[in-house]
Amino acid sequence: PPTNTPEPQPTAPPAPTEPPKPQYQFNIVVVSRCERQPAGNWFEGTTYINGQPQNGYKVAFSYESDGPIVATMQSGPHEGYPGWKTGYYSHIINATGPQAGNWFVWIVDDTGRRISEVGNFQTTGPGEGCNQAVVDFDSR
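Note that this note's numbering has the sequence shown beginning at 1, numbered continuously upward.
Hints in this document: simulated from the structure, not taken from any laboratory.
There's no promise every hint is true.
As a list, the in silico EDC-like pairs of lysine to aspartate or glutamate whose alpha-carbon atoms are at most 16 Å apart [said to hold, decoys possible]:
1) K58 with E79
2) K85 with E117
3) K58 with E128
4) K85 with E44
5) K58 with E117
6) K58 with E35
7) K21 with D110
8) K58 with E7
9) K58 with D110
The following label-pair restraints were derived from C-beta to C-beta distances [as the list claims (entries may be wrong)]:
10) P13 with Q122: 23 to 33 Å
11) I92 with E18: 39 to 49 Å
12) P68 with S90: 14 to 24 Å
13) E79 with G51: 52 to 62 Å
14) G127 with E18: 22 to 32 Å
Glycine included, each C-beta is placed from N, C-alpha and C at the ideal position.
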């Protein structure tokens with residue numbers, strides 16, 4: 001005699017997995033704009049913790065991702081820049097005319113270890129392109 005094939009029973013859905021923990025304290029970097037700048041090349045931005053501007057972080061830049069650090073600048077008001085707003089920083093790459101380049105930006109701790117994702121932008125040199133970028137960092 002024929003036998004009935006048993007109907008498959010529903011299985012429990014897999015347990016949700018937690019999203020991976022961020023690798024770096026500053027896990028968000030946004031290059032929000034890059035504008036014409038006939039005087040030279042520079043970039044600026046703000047360091048945030050949970051969306052709130054924060055002072056005292058060292059923003060580094062280089063011509064390579066994780067490459068030799070050309071310079072660092074502290075975010076927020078500090079000696080030499082007492083009028084900067086909370087979390088603001090700025091780097092001049094070249095003050096004597098814009099040049100084309102590929103630039104990388106990140107935050108380092110006091111030992112020089114990277115504690116952020118890396119931002120990247122390209123400057124286009126003379127003309128109407130990109131020579132002044134905005135690069136913001138956040139930790140969420």
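Hints versus structure:
1. The suggested pairing of K58 with E79 holds, with an alpha-carbon distance near 14 Å, which does not exceed 16 Å.
2. Taking the CA atoms of K85 and E117, the gap is near 23 Å; set against the 16 Å cutoff, the hint is violated.
3. For the suggested pair K58 and E128, the alpha carbons sit about 30 Å apart, so the restraint of at most 16 Å is broken.
4. Proposed proximity of K85 and E44 is supported: the alpha carbons are some 12 Å apart, at most 16 Å.
5. Proposed proximity of K58 and E117 is supported: the alpha carbons are some 13 Å apart, at most 16 Å.
6. Proposed proximity of K58 and E35 is contradicted: the alpha carbons are some 24 Å apart, above 16 Å.
7. With a CA separation close to 23 Å, the supplied pair K21 and D110 exceeds the 16 Å bound.
8. Between K58 and E7 the alpha-carbon distance is near 63 Å, which puts this suggested pair outside the 16 Å criterion.
9. Of the supplied pair hints, the one linking K58 and D110 holds, its CA atoms being roughly 8 Å apart against a limit of 16 Å.
10. For P13 and Q122, the hinted distance range of 23 to 33 Å is not satisfied, since their beta carbons lie about 45 Å from each other.
11. The hint said 39 to 49 Å for the Cβ distance between I92 and E18, and at roughly 42 Å that hint holds.
12. Checking the proposed 14 to 24 Å range against P68 and S90 shows it holds: the Cβ atoms sit about 21 Å from each other.
13. About 27 Å separates the C-beta atoms of E79 and G51, a value inconsistent with the hinted range of 52 to 62 Å.
14. A beta carbon spacing of about 48 Å between G127 and E18 contradicts the range 22 to 32 Å that was offered as a hint.
Hint compliance for this structure: hints 2, 3, 6, 7, 8, 10, 13, 14 are not met, and every other hint is.
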